[in-house]
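Protein chains in written order, with the numbering used here: chain A, 9 to 256; chain B, 12 to 97; chain C, 3 to 204.
Check the hints yourself; a few may be wrong.
As the list claims (entries may be wrong) - Computed far set for chain B versus chain A, every beta-carbon distance over 12 Å:
#  : residue
1  : 25
2  : 35
3  : 41
4  : 43
5  : 69
6  : 75
7  : 77
8  : 82
9  : 83
10 : 84
11 : 86
12 : 90
13 : 91
As the list claims (entries may be wrong) - No farther apart than 20 Å at their CA atoms in a straight line, the calculated lysine to aspartate or glutamate pairs in the DMTMM-like style are these:
#  : chain 1 : residue 1 : chain 2 : residue 2
14 : B       : 81        : B       : 31
15 : C       : 134       : C       : 179
16 : C       : 89        : C       : 33
17 : C       : 89        : A       : 89
18 : B       : 81        : A       : 67
19 : C       : 134       : C       : 59
20 : B       : 81        : C       : 204
21 : C       : 89        : C       : 198
22 : C       : 89        : A       : 91
Unchecked claim - What follows is a list of derived Cβ distance ranges for each label pair:
#  : chain 1 : residue 1 : chain 2 : residue 2 : range
23 : B       : 66        : A       : 194       : 21 to 27 Å
24 : A       : 188       : C       : 203       : 48 to 54 Å
25 : C       : 71        : A       : 207       : 51 to 57 Å
26 : B       : 69        : A       : 88        : 31 to 37 Å
Derived from the structure by calculation, the hints contain no laboratory data. Predicted, not measured: the structure shown is a model, and the values here were computed from it. Note that CB positions come from ideal geometry on N, CA and C, so glycine has one too.
As a plain string of letters, each chain reads:
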Amino acid sequence: MAGTAVRGRLTWQTATVSSLTRETPSVCTIALDVPHWGGHQAGQHLDVRLTADDGYQAEREYSIAAAPGEPVAITVERLDDGEVSPYLTDDLRTGDELEIRGPVGGYFVWEAGPHDRPLLLVAGGSGIVPLRAILRHRQRTGATVPTRLLYSARSLADVIYREELGQYHDGVQVSYTLTRSQPPGWTGHTGRVDAALLAEVAWPASQDPVAYVCGPTNFVEAAAAGLIGLSYPDQRVKTERFGGTGGP
Amino acid sequence: MDALDGNAIAGLLRDVFGTEMTAASGTCAVCGATRPVAETRVYVQAPGTVVRCRSCSSLLMVITEVRGVKCVDLRGLAVLDSTPAG
Amino acid sequence: MSPVSRGFHGRRRETPGQSGRVPPGQYLTTDFPVLSAGPTPHTPLGEWTFSIRQGRDVTRSWSWAEIQALPAETITVDIHCVTRWSKLDTMWAGVSMDTLLGQVEHSAGYVLAFSDGGYTTNLPIADVSDGKAWLAFSYDGGPLPAEHGGPARLLVPHLYFWKSAKWVRGLELLDHDEPGFWETYGYNMYGDPWREQRYAGD
Numbered sequence: 009m010a011g012t013a014v015r016g017r018l019t020w021q022t023a024t025v026s027s028l029t030r031e032t033p034s035v036c037t038i039a040l041d042v043p044h045w046g047g048h049q050a051g052q053h054l055d056v057r058l059t060a061d062d063g064y065q066a067e068r069e070y071s072i073a074a075a076p077g078e079p080v081a082i083t084v085e086r087l088d089d090g091e092v093s094p095y096l097t098d099d100l101r102t103g104d105e106l107e108i109r110g111p112v113g114g115y116f117v118w119e120a121g122p123h124d125r126p127l128l129l130v131a132g133g134s135g136i137v138p139l140r141a142i143l144r145h146r147q148r149t150g151a152t153v154p155t156r157l158l159y160s161a162r163s164l165a166d167v168i169y170r171e172e173l174g175q176y177h178d179g180v181q182v183s184y185t186l187t188r189s190q191p192p193g194w195t196g197h198t199g200r201v202d203a204a205l206l207a208e209v210a211w212p213a214s215q216d217p218v219a220y221v222c223g224p225t226n227f228v229e230a231a232a233a234g235l236i237g238l239s240y241p242d243q244r245v246k247t248e249r250f251g252g253t254g255g256p
Numbered sequence: 012m013d014a015l016d017g018n019a020i021a022g023l024l025r026d027v028f029g030t031e032m033t034a035a036s037g038t039c040a041v042c043g044a045t046r047p048v049a050e051t052r053v054y055v056q057a058p059g060t061v062v063r064c065r066s067c068s069s070l071l072m073v074i075t076e077v078r079g080v081k082c083v084d085l086r087g088l089a090v091l092d093s094t095p096a097g
Numbered sequence: 003m004s005p006v007s008r009g010f011h012g013r014r015r016e017t018p019g020q021s022g023r024v025p026p027g028q029y030l031t032t033d034f035p036v037l038s039a040g041p042t043p044h045t046p047l048g049e050w051t052f053s054i055r056q057g058r059d060v061t062r063s064w065s066w067a068e069i070q071a072l073p074a075e076t077i078t079v080d081i082h083c084v085t086r087w088s089k090l091d092t093m094w095a096g097v098s099m100d101t102l103l104g105q106v107e108h109s110a111g112y113v114l115a116f117s118d119g120g121y122t123t124n125l126p127i128a129d130v131s132d133g134k135a136w137l138a139f140s141y142d143g144g145p146l147p148a149e150h151g152g153p154a155r156l157l158v159p160h161l162y163f164w165k166s167a168k169w170v171r172g173l174e175l176l177d178h179d180e181p182g183f184w185e186t187y188g189y190n191m192y193g194d195p196w197r198e199q200r201y202a203g204d
């Protein structure tokens with residue numbers, strides 16, 4: 009039964025939408041009030057289940073945009089042919105209920121620690137969401153691990169959390185590559201994320217970094233292959249592939 | 012149809028196994044490749060969930076839901092280690 | 003009981019007057035969802051063949067050119083997926099299975115269709131005969147896209163669509179009913195959408 013979930017157990021429970029923030033014209037952050045939330049790790053996600061009045065159900069998973077300790081929130085990109093995402097980004101209202109399950113994921117997580125390897129975060133489109141949780145977690149814990157974010161988006165208007173990402177200065181370098189259109193005077197990168205771009209931006213393998221790559225499948229395959237080509241060991245390249253077409 | 016990876020079924024696997032499984036280590040019974048479950052190739056748009064080896068595409072796991080009961084076939088995995096070292 | 007999500011309808015469309023064409027438990031869609039259990043194969047047409055086999059023997063085999071030279075039909079049918087979507091008035095072109103099976107002497111009671119990538123599905127011979135099945139290579143007026151099973155798939159619209167094997171390369175003739183891929187994992191051996199035969203034991 010919804011609502012009687014044991015803390016920490018993975019059962020469906022009903023959360024309430026506490027706020028909605030439009031990040032870009034097609035992206036919305038949904039903050040949730042979750043009655044039985046046992047905490048989460050940066051990089052984890054949660055499952056969302058919608059039920060129509062005739063009982064039809066659809067389930068999707070969304071990365072948690074919040075750091076551990078912050079109120080639970082997900083950031084959803086509207087896919088034009090999506091069944092669930094347009095409902096979440098356009099129809100949902102504060103006070104609505106959402107069935108959720110989580111947190112889930114034990115592989116694509118980052119914990120701040122005393123001897124952290126240099127951190128490389130590579131985001132394609134909405135793949136920025138779990139990486140933003142990692143950045144927020146790094147900031148909240150006062151970690152000083154040298155960090156580089158390479159964020160690939162179609163255009164500047166498609167960059168999610170742009171203002172927030174511009175505020176990191178303490179050991180975090182943020183690079184963008186805008187693949188379809190750039191504003192006048194753009195001095196950042198414009199190509200797809202590949203071995204050549206990574207060779208410029210990524211930590212050299214000799215510094216023993218760890219990489220988190222997230223985005224649509226094609227993006228992740230290209231970026232991960234690029235990092236392996238730069239001699240990153242397999243186990244130092246963590247990947248999370250999203251479905252849908254919301255890629256750069 | 013692009014395949015996803017084991018992260019996409021983290022919730023399903025936790026439901027089935029009762030514990031977090033994406034960091035678990037799976038060894039393909041056909042080619043011997045050993046990887047975290049998160050790095051498998053996963054097909055979720057099907058009458059069931061199909062998990063394949065990233066190296067050789069052999070079936071590792073098939074999960075179906077038959078009349079509300081989840082059925083898991085793990086014949087394609089030689090080893091599934093839910094607490095891998097390192 | 004899950005709470006109802008206010009205002010959520012999903013992708014379904016209700017079309018007035020169609021209820022007699024939609025089997026129990028199904029909903030109508032105007033999309034054509036792509037379902038797959040594995041990577042999309044890409045066999046070059048020059049290497050592609052369709053075979054009818056009995057045991058290890060290839061009884062008869064056709065190249066792409068030979069298939070194209072056979073009389074083909076255009077048909078418009080409704081299709082029903084076990085994942086609950088139904089799509090009406092889908093247009094296909096292909097060679098009737100009767101044309102192909104008619105060129106083989108056999109007394110088989112069942113077939114196991116086999117595809118590139120290892121997919122299989124089983125059917126009684128009666129369900130791939132008498133105008134009920136095709137080797138389809140065209141959808142909606144164009145070549146069948148790879149994601150939907152091209153260059154050619156089995157088309158058996160009176161059964162759940164998992165029986166319409168994508169990337170089909172042939173039929174194995176059998177004297178017994180042998181479970182194919184989804185049948186092995188708990189799906190029904192026959193799969194009649196009108197009797198809602200989704201799972202084994204339905």
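Checked hints:
no., hint, in the structure
1, 25, "5 Å, violated"
2, 35, "8 Å, violated"
3, 41, "19 Å, holds"
4, 43, "15 Å, holds"
5, 69, "19 Å, holds"
6, 75, "16 Å, holds"
7, 77, "17 Å, holds"
8, 82, "18 Å, holds"
9, 83, "16 Å, holds"
10, 84, "21 Å, holds"
11, 86, "23 Å, holds"
12, 90, "17 Å, holds"
13, 91, "14 Å, holds"
14, B:81 <-> B:31, "17 Å, holds"
15, C:134 <-> C:179, "18 Å, holds"
16, C:89 <-> C:33, "8 Å, holds"
17, C:89 <-> A:89, "17 Å, holds"
18, B:81 <-> A:67, "16 Å, holds"
19, C:134 <-> C:59, "26 Å, violated"
20, B:81 <-> C:204, "16 Å, holds"
21, C:89 <-> C:198, "16 Å, holds"
22, C:89 <-> A:91, "17 Å, holds"
23, B:66 <-> A:194: 21 to 27 Å, "40 Å, violated"
24, A:188 <-> C:203: 48 to 54 Å, "52 Å, holds"
25, C:71 <-> A:207: 51 to 57 Å, "53 Å, holds"
26, B:69 <-> A:88: 31 to 37 Å, "35 Å, holds"
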